[in-house]
Amino acid sequence: MPKTDHILVKELENNEGYKTGFIILNSPETLNSLTLDMVKGILDQLKEWADDPYLAAVSIEGAGEKAFCAGGDIRALYESMLQHPGGPNPFCEEFFEQEYRLDYMIHTYPKPIICWVDGLAMGGGVGLVLGSDFKLSTERTGFAMPEIGVGLFPDVGFTSYINKLPKGVAKFLMLTAIKINAADTQAIGLTDYFLHSSKKQEFDMKLSEINWMKDSFSNVQLISSLLESLEQKEGLGLESEIKPRLKLIESLMNGSSLQEVSNNLLNVKTDDSWLQKAARGLKRGSPTSAFIIWDQCVRAEELNLKGVFQYELDLAIQVTRHPDFAEGIRAAIIEKDNNPQWKYNEINNVPIEWIKEHLEPAWDVNPLEDL
Amino acid sequence: MTNKLRISIKENTALLTIDNPPANTWDLESLNFLEESVKELNNNKEIFSLIITGEGEKFFSAGADLKVFHEGGKDAAEKMTDAFSRAFGALSNFRGFSVAAINGFAMGGGLECALACDVRIAEEQSKLALPEPKVGLLPCGGGTQQLPRLVGEGWAKRIILGGEQIKADLALTIGLIEEMSAPGESLKTAFELVEKANMQSPTSVSACKKLIHEARTSKESYNNEKDPFIKLFDTKDQGEGVAAFLEKREPNWRNA
Chain A
55 MPKTDHILVK
65 ELENNEGYKT
75 GFIILNSPET
85 LNSLTLDMVK
95 GILDQLKEWA
105 DDPYLAAVSI
115 EGAGEKAFCA
125 GGDIRALYES
135 MLQHPGGPNP
145 FCEEFFEQEY
155 RLDYMIHTYP
165 KPIICWVDGL
175 AMGGGVGLVL
185 GSDFKLSTER
195 TGFAMPEIGV
205 GLFPDVGFTS
215 YINKLPKGVA
225 KFLMLTAIKI
235 NAADTQAIGL
245 TDYFLHSSKK
255 QEFDMKLSEI
265 NWMKDSFSNV
275 QLISSLLESL
285 EQKEGLGLES
295 EIKPRLKLIE
305 SLMNGSSLQE
315 VSNNLLNVKT
325 DDSWLQKAAR
335 GLKRGSPTSA
345 FIIWDQCVRA
355 EELNLKGVFQ
365 YELDLAIQVT
375 RHPDFAEGIR
385 AAIIEKDNNP
395 QWKYNEINNV
405 PIEWIKEHLE
415 PAWDVNPLED
425 L
Chain B
6 MTNKLRISIK
16 ENTALLTIDN
26 PPANTWDLES
36 LNFLEESVKE
46 LNNNKEIFSL
56 IITGEGEKFF
66 SAGADLKVFH
76 EGGKDAAEKM
86 TDAFSRAFGA
96 LSNFRGFSVA
106 AINGFAMGGG
116 LECALACDVR
126 IAEEQSKLAL
136 PEPKVGLLPC
146 GGGTQQLPRL
156 VGEGWAKRII
166 LGGEQIKADL
176 ALTIGLIEEM
186 SAPGESLKTA
196 FELVEKANMQ
206 SPTSVSACKK
216 LIHEARTSKE
226 SYNNEKDPFI
236 KLFDTKDQGE
246 GVAAFLEKRE
256 PNWRNA
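Residue numbers (this note's numbering), protein chains in the order written: chain A, 55 to 425; chain B, 6 to 261.
Hints were generated in silico from the structure; no laboratory data involved.
Be a bit skeptical, because a hint or two may be false.
As the list claims (entries may be wrong) - Calculated cross-link-like contacts (lysine-lysine; reagent style DSBU-like; alpha-carbon spacing at most 30 angstroms):
#1 Lys301/A - Lys44/B
#2 Lys15/B - Lys218/A
#3 Lys50/B - Lys72/B
#4 Lys201/B - Lys253/B
#5 Lys165/A - Lys323/A
#6 Lys201/B - Lys162/B
#7 Lys165/A - Lys139/B
#8 Lys72/B - Lys254/A
#9 Lys15/B - Lys360/A
#10 Lys221/A - Lys15/B
#11 Lys337/A - Lys323/A
#12 Lys72/B - Lys260/A
#13 Lys253/B - Lys241/B
#14 Lys201/B - Lys253/A
#15 Lys301/A - Lys218/A
#16 Lys218/A - Lys172/B
#17 Lys397/A - Lys410/A
#18 Lys268/A - Lys139/B
Bound conformation, chain B alone (with noise of 0.2 angstroms):
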């Protein structure tokens, strides 16, 4: 357990707030129970998704706290990548659908947090980068790997090479984030989107997620649908899918 990071359930969403002022860094303490919590929410059958935010208004996360590699050199360094890899993997690998609501600046690890969830929501005050190689470091939570595919190789080096704090409204334009609110308004935001994506079925969400994610490194790009198609077969949400649909009710869904 940790205050840093803080968690409710609100019906089929889990709220996970990170906690830590003034700026809501990371630590091993919180990095290792955002592992754990999502490893619990995807046994959670309640949960069908998640939402990240920050706490106050103005911080989502500064990332990580650099007073640790400054005291605890090699060592701390080797434990601190691992335990980002770990947290923002399991965060990303997440059964159901994820929003990041972010209410500030995301810089650093505080980023490559929201760039492993599903969907990014900005709010216009909030200035997004990745100013690791400032401090001679590197971004270790991802942000190498993730950014590219999702603003394209030419804004990723601008953004990480180039060392430039993106504002929202340019995060939006260039598709680093998927929506911009207005201040104060971004989880407001997630919930509306999450609330749709909970009224579809959990276990189709899940099986589109992962085929989503294996595109990434899959060549195949027509037979790989129809193995999990099948299988859906097998769960009790495919039939209530269709049958509520046809009966013209509200489905009620089991993740199962």
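For reference, chain A alone in the conformation it holds in the complex (with noise of 0.2 angstroms):
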């Protein structure tokens, strides 16, 4: 069991002891955000599960209505930055260490992962999702990757969906941060289902009533047509925001330079206020991070997931060492005056020395050489 409160493991007994296990993230009051006792947990559990042959497939879910998982714990993490000021900073690195781990086992676990995201999935939250096999929406789902509003970039595992999502789309969400609803996950492939978060409770109990086999090729199929009995197909109830903008996104994200790319943004002549927000997005947000984006654009084409886990973990002990993450937290939660003072301002005045800097890597041997 678990060592955290914040998180709840529970086990159900199926046919012949096959059993589902339940993941709950239990902080409704942080929004779920992961903290490093949880990332453990969750880790543990799930070695432990894999180990076991009569458990079969695992749910994960958050607590509350508001969020599945609104990101990393970076309060914890700003703290830490204070304190070691340049780096090294152990428990940094090890926080996002320990929770690459857990995100590359969920895409490469052994059995099939079910995450219902009934609320918020942001950050650190996605990372549970993208790797899982069932990626669940619901009508209160808001998805996204805000990490240039504090000075971060979009981890943990981001970098293998840049080229799976429509062109230009992974660009446009990294770079303004914008939230994006469960018809828009729906129509990118960022989720696969659409079900109504009042069919949770039917979903749980058909879930217990499986008759689970040996393999998980036959429990794929098993879940697979479970959700098809459940889904919502017509009418979600929400229009997609993204879907009749994907030809604009595209044009907007095609172009040689972040410069050329944050002008096309930032000067569209348009009435249209959706567009407006994801604008304000990229000028609010850190332009070293809007660098490390470009960067994992590019990088994106040549890197396998375990290769995206090590280059990802070495930006992120990076940007730990830098001054705009530390930024970013204190102006968006901590003295919450929502008003960031970047190293530089302006992508235009980033030096590229100090791009590079953020680009070498931070250790020797990467701690996920072993992946």
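Dock the two chains into a complex; use the hints.
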């Protein structure tokens, strides 16, 4: 059993000793944000279940109606960065390493994993979803990669998704931090099924009634059929904001430099309030983060999943050794003045050497070398 | 167009990704799209090779979506078997070199897709099977015809009639795959193989592939290569290949 009460774990009996495992992120007051203890707790639990021949499938959800998981525990990272300006920073290093290990394990887990994204999924929360086999959205789903706003970058394996989304969409989400709904995530393939949140109980009940089989291949098909019987196929009751703008996003994000793409978005003449909101997200965000995002989009082409997490870990640690991340957290959640003083406040003023420093390896040997 | 099969082009190689989560199953839409796409790639002289893989870390492809047969009956079955044979037939006859990067389960139509490629690389955790008889069906994407050629009749029968799932290491031993890679590495390995193939003359590769396929049914052993060999002398690539060799430089292939 996990050592933190911020995750709840239960096993329900199915047939002939087979079981279903449930993990509930249980810190609704912090929107189920992932603390290091929660990350370690889930990691240990998943390891145990991976070796349990009777554990057939895992369902992950967040407590409360507001959030699946709103991200990582950036308050703890902030305090640690204040104590270790410029690094090395043992807490931050452990946090990101363990978080990425967890995300990678979900991607490669030998049994099917279901994620109920009922409420917000942002940053670290998205990291849990990306590798899961069944990504479920509801009418309350809110999805964002808001890291640019706090001087981080969209990590937790998001680099591996850049080329899986329609052209330009990942870059757009990363640069603007814009929040999208279930109609959007369904349209661009970030989630697989839409179920009304009122179906949750029925789903859990039917999940624990499935006659599991020995091989996860068959179990994946059993879960698919269950979800197909419960999913809401027509009319989600939500409009997709992103779908009618896919062409526009592709053309805005098409450019040979960050400066060009940023100008495309910031100078677009429009009375489209959604697009204006997106542009404000980029304008408010850390210019240094924007350059890192640009690098992610370039590197995404060549990195495999392991490479993605190793690359992102180097980046994350470099970010904790530079000032924008702590400043971004300060402005957003500590002093809440929403007025971050970025080291370089304009994309055009960021020296190339500054970005190069961020792209240097953070260690001689990457701690995720063994993935 | 479908988003269940994604295509991207890198230099002279087309990468096809089966993306129909969670199990990357095939349906009419994606099969038809595969057929059309291979035809387009055949007409694109820039393309020398093709790699096909599955999205995610667990499934290459679980084959046909069984729901289609459950709901649609005989009519649907006819459409599906037709689509399977046309799509995998087209893939098998792709003009250039093709590699399946098997990144997890390859079952039924998923394995048949890999069998339609020239070479198969599977990651350690992959499992391969043709389990159609288990659900009262039979492989209709070339499984019974292609598998014996690769692994011999005995293993083919053990897999199809015996319903056995083959792990990657055994698959390598019996010749069902040509290489095994670490988890997550099949695509990288596939690109390495393709890179070597792309250094060869694409017109020669194409002519050789055709001859190898014809040898499956031909009784003649020593006369078949003559005409295609002479025909190569009508191509630009033949002259370029020999010239580059004599001038000690890299050839500049035109695929013409």
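Hinted pair Lys165/A and Lys139/B, Cα distance within 30 angstroms: With Cα atoms ~22 angstroms apart, Lys165/A and Lys139/B stay inside 30 angstroms; holds.
Lys397/A paired with Lys410/A [C-alpha distance capped at 30 angstroms]: holds, 15 angstroms
Distance restraint between Lys15/B and Lys218/A, which requires alpha-carbon spacing of 30 angstroms or less: holds, 15 angstroms
Satisfaction of hint between Lys218/A and Lys301/A, Cα-Cα up to 30 angstroms: holds, 16 angstroms
Pair hint Lys201/B and Lys162/B, alpha-carbon separation not exceeding 30 angstroms: Outside the cut-off at roughly 34 angstroms; violated.
Agreement of Lys165/A and Lys323/A with the hint, judged by alpha carbon distance not exceeding 30 angstroms: Cα-Cα ~49 angstroms, so violated.
Pairwise hint evaluation, Lys72/B against Lys50/B, where the allowed Cα distance is 30 angstroms at most: violated, 39 angstroms
Given hint Lys15/B paired with Lys221/A - CA-CA distance at most 30 angstroms: Holds: Lys221/A and Lys15/B sit about 16 angstroms apart, inside 30 angstroms.
Satisfaction of hint between Lys172/B and Lys218/A, Cα-Cα up to 30 angstroms: holds, 28 angstroms
Satisfaction of hint between Lys253/A and Lys201/B, Cα-Cα up to 30 angstroms: Distance of about 53 angstroms is beyond 30 angstroms: violated.
Restraint check for Lys15/B with Lys360/A, where alpha carbons must lie at most 30 angstroms apart: holds, 21 angstroms
30 angstroms limit on alpha-carbon distance, applied to hinted pair Lys201/B and Lys253/B: Judged against 30 angstroms, a Cα distance of about 18 angstroms means the pair holds.
The earlier numbered hints that this structure contradicts are 3, 5, 6 and 14.
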